[in-house]
Amino acid sequence: MPRSLLTILGVMLLIGAVVGLPIVLAILGLIRLDDILFFVLAEILIGSGLLVVTLRDIIRCGLAMIVCFGALAGIYVVAGAPLVAGAQVLIYIGAISVLILFAIMLTQTKDAPTVLVFQTQSLGAGIAAIILALIIALTVGATDWKALPARVHTATDQLARVLFADYVLPFEIVSVLLLAAVVGGIFLAKREEGGPS
Amino acid sequence: MSDSLDSYLVLSGLLFAIGTFGFLARRNAISMLMSIELMLNAVNLAIVAFGSFIPGLAGGGSVIAIIVMAVAAAEATVGLSIVIAIFRNRHTPLVDEYDAMRR
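Chain order of the listed sequences is A and B.
The first sequence begins at 0 in numbering that gives the first Met the number 0 and counts up one residue at a time.
The second sequence begins at 0 in numbering that gives the first Met the number 0 and counts up one residue at a time.
Worth flagging that the hints you see were computed from the coordinates, not collected in a lab.
Backbone N, C-alpha and C define an ideal beta-carbon position, used for all residues, glycine too.
It cannot be assumed that every hint is accurate.
[Claimed, not checked] Straight line, CA to CA, 20 Å or less: simulated EDC-like cross-link-like pairs of lysine to aspartate or glutamate:
1. A:LYS145 - B:ASP2
2. A:LYS189 - B:GLU74
3. A:LYS145 - B:ASP5
[To be verified] Take a look, some chain B residues computed to stay more than 12 Å from chain A by CB distance:
4. ALA99
5. MET100
6. ARG101
7. ARG102
[To be verified] Cβ pair distances, simulated, as ranges:
8. A:GLY85 - B:VAL42: 18 to 24 Å
9. B:ARG101 - A:LYS189: 26 to 32 Å
10. A:THR142 - B:TYR97: 39 to 45 Å
11. B:ASP5 - A:LEU115: 36 to 42 Å
12. B:ARG101 - A:VAL167: 28 to 34 Å
13. B:ARG102 - A:GLY93: 40 to 46 Å
Start from the sequences, fold in the hints, and give me the full structure.
Okay, here's the thing in structure tokens:
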């Protein structure tokens with residue numbers, strides 16, 4: 000029991016640090032509300048993303064992935080794309096996460112080692128990932144994107160007009176692709192008659 | 000911070016790097032698929048950020064992001080059913096034990 004209490008206390012302290020620091024900054028008048036939202040959501044996003052790739056128990060990885068997708072939906076709202084945020088909640092949190100959790104539960108084995116979750120190449124993978132992040136950050140900082148000084152909110156009717164006028168061919172192709180994926184998924188996961196169980 | 004394109008792109012790069020690490024380092028096939036989902040989400044974030052900051056892309060960024068989501072759903076379906084089909088034959092979800100073509 001003391002160990003779980005300590006865990007809960009640690010999580011609460013972490014949440015307090017994550018949420019408290021930007022609020023203190025806002026009270027001091029240093030940053031705006033949008034910036035607080037962006038900062039907190041980005042912290043949750045990166046933190047839960049790290050949990051997804053480092054936790055030992057794969058079910059917890061799946062749950063952390065749901066948190067990650069939710070934080071990303073919030074960031075879409077901050078970025079001015081509320082319809083994309085809605086689609087993120089519906090598709091990722093509602094469908095893909097549930098699919099992944101089902102697959103996790105179907106592939107759990109008792110004798111699968113839970114102590115060794117990383118490959119032997121994980122050190123090299125970590126170094127490669129850090130270098131990749133640094134290169135992306137340096138490139139982003141060094142490029143002049145000719146971006147607007149403030150973000151533009153995408154209204155839903157405007158988005159619908161663009162989707163069904165300019166992008167109608169990708170839309171139709173995606174519908175065929177989804178049908179093919181459904182048929183392929185059923186075919187691959189179907190148990191064959193008299194085959195190995 | 001929320002009004003500059005750079006912060007969104009750096010965030011997306013960080014998420015992509017985390018996904019890369021997970022894909023290269025995890026042993027479980029489903030963990031690798033989850034890492035691919037993280038990378039797809041990172042790219043989606045970059046697309047949405049470009050759509051709301053670059054003039055002339057009005058609405059296009061969001062539309063492309065939604066189409067990417069649909070393709071990601073198709074990818075997850077097929078990938079997970081492949082993992083389940085392999086699991087039925089090999090009785091393990093660990094990718095370093097799928098060595099039938101190496102021996």
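Results of checking the hints against the structure:
1. Between LYS145 (chain A) and ASP2 (chain B) the alpha-carbon distance is near 14 Å, which keeps this suggested pair within the 20 Å criterion.
2. The suggested pairing of LYS189 (chain A) with GLU74 (chain B) holds, with an alpha-carbon distance near 17 Å, which does not exceed 20 Å.
3. Restraint check for LYS145 (chain A) and ASP5 (chain B): the C-alpha separation of about 11 Å stays at or below 20 Å, so the hint holds.
4. ALA99 (chain B), annotated as away from the interface, keeps every beta carbon of chain A farther than 12 Å; the closest lies near 14 Å.
5. Taking the minimum C-beta to C-beta distance to chain A, about 18 Å, the non-interface status of MET100 (chain B) holds against the 12 Å cut.
6. The claim that ARG101 (chain B) lies off the interface holds: its Cβ sits roughly 15 Å from the closest Cβ of chain A, which is beyond the 12 Å cut-off.
7. Under the 12 Å C-beta cut-off, the non-interface status given to ARG102 (chain B) relative to chain A holds; the minimum distance is some 19 Å.
8. Roughly 19 Å separates the CB atoms of GLY85 (chain A) and VAL42 (chain B), a value that falls within the hinted 18 to 24 Å.
9. Between ARG101 (chain B) and LYS189 (chain A), the C-beta spacing of about 28 Å keeps the proposed range 26 to 32 Å intact.
10. Look at THR142 (chain A) against TYR97 (chain B): about 40 Å separates their beta carbons, and that is inside 39 to 45 Å.
11. Checking the proposed 36 to 42 Å range against ASP5 (chain B) and LEU115 (chain A) shows it holds: the Cβ atoms sit about 39 Å from each other.
12. As the Cβ distance of ARG101 (chain B) to VAL167 (chain A) is approximately 46 Å, the hint placing it in 28 to 34 Å is violated.
13. For ARG102 (chain B) and GLY93 (chain A), the Cβ-Cβ distance of about 42 Å falls inside the hinted range of 40 to 46 Å, so the restraint holds.
Hint 12 alone, counting from the list given before, is not met by this structure.
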